[in-house]
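K.L.:
Sequence:
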Amino acid sequence: MQLDEYQDDEPWDDFRAAVQTLYPDAHRARHYAKHDLKNYVTSWLNMGILNSTQLDKYALQFNMYAISLKQDEIMSDRELAEEFIRAFDPAFQTDLRLDLRIAFNRPEPPELHEVQEQARNTMNRQGGRNSN
43 MQLDEYQDDE PWDDFRAAVQ TLYPDAHRAR HYAKHDLKNY VTSWLNMGIL NSTQLDKYAL
103 QFNMYAISLK QDEIMSDREL AEEFIRAFDP AFQTDLRLDL RIAFNRPEPP ELHEVQEQAR
163 NTMNRQGGRN SN
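Mapped onto the working numbering, the consecutive letters of the sequence shown carry residue numbers 43 to 174.
No lab work stands behind these hints, which were simulated from the structure alone.
Please read these numbers as outputs of a predicted model, since none were measured by experiment.
Ideal Cβ placement from N, Cα and C applies to all residues, glycine included.
Careful, some of the hints might be misleading.
Here are the simulated SDA-like cross-link-like pairs (lysine to any residue), alpha carbons at most 20 Å apart as the crow flies [stated by the list, open to error]:
no., residue 1, residue 2
1, K99, E159
2, K112, E150
3, K112, D78
4, K76, R143
Pairwise CB distance ranges (calculated) [to be verified]:
no., residue 1, residue 2, range
5, L102, A60, 31 to 39 Å
6, D141, I116, 23 to 31 Å
7, D141, A60, 28 to 36 Å
8, A60, E153, 20 to 28 Å
9, D56, N93, 46 to 54 Å
10, D141, Q96, 15 to 23 Å
Sequences are here, hints too, so could you generate the full structure?
P.N.:
Pasting the structure below:
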């Protein structure tokens, strides 16, 4: 296939515009609904997050959902932080919440990135013992 809009002497922007007409949705970011994130978190709750490698894998995809939901003003940072915690077993959640209170002794709740960092710290301190 050849794009007539692009010749060797044509500007790059013309070529890019021609390609985008062939793939109109290619430049759009994926948008998620709240239930997409809740289903993802529930799947990890059922599997169990047993070590820091699994935690990193969980957090990476979680953040993709979180960026979309926050940009679209569907969930606040606080709601996202609470949802992040829900993937862990109840005992780990209790330990994590206590560690968060100690680490972030302030009136406002910790932000999502702070919860994620503390989850790593808590898991490392416990030697990766979180299981369902």
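K.L.:
Are the hints correct? Go through all of them and say.
P.N.:
Taking the hints in turn, this is what the structure says about them:
1. K99 / E159: holds (14 Å)
2. K112 / E150: Judged against 20 Å, a Cα distance of about 18 Å means the pair holds.
3. K112 / D78: holds (14 Å)
4. K76 / R143: violated (27 Å)
5. L102 / A60: 31 to 39 Å: holds (34 Å)
6. D141 / I116: 23 to 31 Å: Since D141 and I116 have Cβ atoms about 28 Å apart, the given range 23 to 31 Å holds.
7. D141 / A60: 28 to 36 Å: violated (54 Å)
8. A60 / E153: 20 to 28 Å: violated (42 Å)
9. D56 / N93: 46 to 54 Å: holds (50 Å)
10. D141 / Q96: 15 to 23 Å: Hint holds: Cβ distance 19 Å, inside 15 to 23 Å.
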